[in-house]
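A.B. asks: The lines below spell out each chain.
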Amino acid sequence: MPVRAGVTIPTLLSPERRSVEFRARAAALGPVRESGGAEAPHHGPWSGVFRFCEVIGAVDSPRSAARGRTSSALAAGARPWQARGVPDQTLPLRSRTAIAAGRAVAAASRALGRGRGQVIGGRVMLRVDPQLLARLAAGMEVTAVSATNGKSTTTRMIAEALATRAPVAHNRTGANMAPGVATALAESRAAPFAAIEVDEAHLPAVAAATHASQLVLMNLTRDQLDRGSEVKMLADRWRRMAETLTPATEVVANADDPMVVWAAAAAPRVTWVGCGQWWTLDSALCPRCGAPLARPASGWACPACGFARPETLWFISHDADRIVTPAGPVTPRLVLPGRFNVGNAAIALAAVNARGISLDAALEAFSQVSDVDGRYVRASAHGREARLLLGKNPASWTEMMGVVSDSAALLVTVLNARGADGRDPSWIWDVGFEEWAGRPVWVAGERRFDLAVRLDTAGLDVVGVSADPLAALELAAPDQALDVVANYTAFQELRARLVSK
Amino acid sequence: MTAGELAQPSTAGGGDAGSGVVGIVHLYPTLMGTYGDGGNVLVLARRARARGLDVRLAVVGPGEPAPEDGDLYVLGGGEDASQVAAARELRASGVLARAVERGAAVFAVCAGLQVLGRDFEVSGGAVEPGLGLLDATTRRREPRAVGEVLAEPVNGLPLLTGYENHGGGTELGPAARALARVVAGVGNGGGASGDGLEGAIQGRVVATYLHGPVLARNPEFADWLLELALLAATERTGADGAGCGRLAPLDTPFVAELRAEREAYARSGKLSAESARTRR
Ligand SMILES: [Zn+2]
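As you go down the protein sequences, you meet chains A and B in turn.
Residue 98 in this note's numbering sits at position 98 of the first sequence, with consecutive numbering throughout.
Residue 214 in this note's numbering sits at position 214 of the second sequence, with consecutive numbering throughout.
Just so you know, not all the hints are guaranteed correct.
Claimed, not checked - Selected chain A positions facing chain B (Cβ under 8 Å, derived; list incomplete):
(1) 245
(2) 246
(3) 284
(4) 285
(5) 457
As the list claims (entries may be wrong) - Pulled from the structure, derived: some chain B residues nowhere near chain A, Cβ distances all over 10 Å:
(6) 37
(7) 46
(8) 82
(9) 84
(10) 92
(11) 94
(12) 129
(13) 147
(14) 159
(15) 177
(16) 195
(17) 212
(18) 220
(19) 255
(20) 267
No lab work stands behind these hints: they were computed from the structure.
Virtual Cβ for every residue (Gly too), placed ideally from N, Cα, C.
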């Protein structure tokens, strides 16, 4: 059987050569795609047509249309924020020493060009005073936000909205374990509010140490599997945390993620928000009894034990263009792209509303957010503009592919597999890239060949491969805009090179 | 059929696998697909179609019946709870046992390998019965085996490269033989200090601990599985053997670079691990 013409794409072209080829051929050389017509007819269990996005159900599963509107005594939530005098509590000497030592180390770290210093500074602070988190948080209303995806953006929205009322301590650079939180709280000691994003695995410890009065729980999906952080394990850990809570802590939780509901339902006070779940592969089984979950129009339910999506007063509309609140639907005016950011806005809205921020004020604040620590930023290099998008795991990468779908920009994908990324990048095969077959794509990063094989298999047109993603900017056509989707360390590096200067 | 009978790539037919229809059954991707193993099915389908073969693909979800007339059944890796759910469903339906009985091929990865064996232990110490299609037993193994693997296949295929991530040690019985010998990494991890074996073959049942996905990194391995599936398809349809034989070579962009890079990395890791042992 002859190899079909077009299957073979030269693989060892120099970047220059590829670039020339890219400019010249545009979309002339079609992707390797199976020609239609010869598919088996649809009968029995055979699907006939091969579409990976159907397999994983992750790309375009329709949202359930109608949402229930049953009242929950706890859901209305409009607990007005009591303005309080900013307490100028004098910290113990030990704590002040800790903060000074931490600041010094952070400054030294910055001076040495070793990053922004929040983590190492915070580590020093906590070593000098292990009780520092509790002492710093004592005068604050702490909102802790956690999720696999969207926690930085949602925390940012919450911080912006709270800031319309009073100063907010906020770990805005994403240092989201105890040291980063300590640094953020120490930097804004007088703030009555704290909005902190917290790593999923560290949430129980940080929430306890800071006596967080509000926990925002959004989603749990696969991420860094080589660390053995199984989704169900994290959900169980969150659940054990929720069991220890008192009604003094409000949990604001995504009703659409069964793993989150499993955890949050153990808390005594929960506000449920339907902020969407498009990645369902990590919640195929009932977290309570292990039976396969059903996905009825109402969201999700376990046919075996009855565990089901709680009803919500807050939820996003079917088309993710509006947020329904207990006071009626509102329209978010987000600069940030993507339906998942509407979901982020919905849960942020419910959270800040419970802190006494009006819907209007909150939505106005959300609309001011145009980028989140480099995400969505438009940076330029070599005279070309690139939009930076973070896709750190299959769920977020799938969302980012949705964001770039309608864009005329050249897609540049960048993949590393360092410790912070997870050493095993095989999750790229969980992203339904098949939906973008035929699209030209440049592939870069330390694991570019893994990604190139993946994208080529999906039928994308791999027009260039380079270790350095900036080669794509350098070699693209002069007026070519670029959308760069990069995973965690690749993104950090790009941001450092393009944005932080 | 003995364990080794299909271990050599078939040489009949001489380069044209003919115009077969091959039925691939992807079992429980929502349960057993944690480490990108769904990619194996994508690679199989694409490589089959590139040779002009018609691919019928069935994707079977939990609670759904699997087709009885598949030629290649594929089962990926998964977390404990998913693995137990998959094992119970497959034991209850008996579909894989019947498929193997009539000559269909089965390909399983990691937790899928464990499910095909006689039994396997999950975290917490419970031992769950498997399907008994492989003469293999799995017990918990400390520490967890995580990292790059290189393994030399026993059947003359090129060096296997992949990524392992498992807390099980699998011991093969006499009816099964290993797929490969470990060059770097752990592999099956049977025996007290690891037996240096990787994967298992028993008749047309083939299993490995390697993710990557393994068939994306090892296209010749994918083709060998397709040849097994074609053989099964030929027998199933009663055709006169036109569907048997070797598949024509297929150039796969970027795979050579990927393999070279992963092999170099795995070998350097092995060297540093050995020198660390020497220093101690
Ligand atoms: Zn259940």
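A.B. asks: Hint by hint, note whether the structure agrees.
C.D. replies: For each hint, the structure was consulted:
1. 245: Not OK, violated: residue 245 (chain A) not within 8 Å of chain B, min 26 Å.
2. 246: violated (31 Å)
3. 284: Where the cut-off is 8 Å and the nearest Cβ of chain B is about 4 Å from residue 284 (chain A), the hint holds.
4. 285: The hint holds - residue 285 (chain A) has a Cβ within 8 Å of chain B, the shortest such distance being about 6 Å.
5. 457: holds (6 Å)
6. 37: violated (8 Å)
7. 46: Per Cβ check, residue 46 (chain B) is inside 10 Å of chain A; nearest 6 Å; violated.
8. 82: violated (6 Å)
9. 84: The assertion about residue 84 (chain B) is violated, with a minimum of 8 Å to chain A.
10. 92: Residue 92 (chain B) clear of chain A: closest Cβ-Cβ about 13 Å, beyond 10 Å.
11. 94: Holds, since 16 Å exceeds 10 Å.
12. 129: holds (17 Å)
13. 147: violated (8 Å)
14. 159: holds (16 Å)
15. 177: holds (27 Å)
16. 195: holds (24 Å)
17. 212: violated (6 Å)
18. 220: Holds, since 14 Å exceeds 10 Å.
19. 255: Check fails; 6 Å does not lie beyond 10 Å.
20. 267: holds (16 Å)
In this structure, the hints that do not hold are numbers 1, 2, 6, 7, 8, 9, 13, 17 and 19, in rising order.
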